[in-house]
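Please put together the full structure from these sequences, using the hints given.
Take the sequence shown: its letter number 62 is residue 51 in the working numbering, and every next letter is one higher.
Keep in mind that the hints were calculated from the coordinates and are not lab data. Fair warning: there could be bad hints in the mix.
Said to hold, decoys possible - Label-pair distances were calculated between CB atoms; the ranges are:
id	residue 1	residue 2	range
1	L92	S10	19 to 25 Å
2	H95	D38	16 to 22 Å
3	P46	P96	32 to 38 Å
4	E45	R99	17 to 23 Å
5	V13	A52	23 to 29 Å
The beta carbon of each residue, even a glycine, is placed where N, CA and C say it ideally should be.
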Amino acid sequence: MHARAWLALLTLGCGVAFGQSSLVVQRTPIAGFKHHHAQALWPELREGDVLTLIAEPANAHDAQAIRVDWQGQSLGYLPRTLNGAVSRALAEGAPLSARIRHLREHPDPRRRIEIEILLPLAAGP
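Following this line, the structure appears as structure tokens:
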């Protein structure tokens, strides 16, 4: 697990504030760009757009699968090699959110969308 993810999970519910409203716990591409709606939605996507993370513990291919949705449309999934910490955090009720960090025209579809996964920080006392 990356240091950022550990920090986020360790500070969960502790009221730790770093002068920001949220902490970036992971940056990752989206897997499955060509197999979901991302390609068709590409012209509408914008950096900063809010995304929804949906755990799919009953997924036949990966019990830790995390689907990434934009306005109710599936863009793809967190890569299997990077979804463990997020899956555990969501299962424990962590209020994670996500947004599009970077969009780029690239021949490799795995490099077109990069997202940030965020953990809101509690306000100080």
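For each hint given before, does the structure comply? Return the numbers of the non-compliant ones in rising order. none
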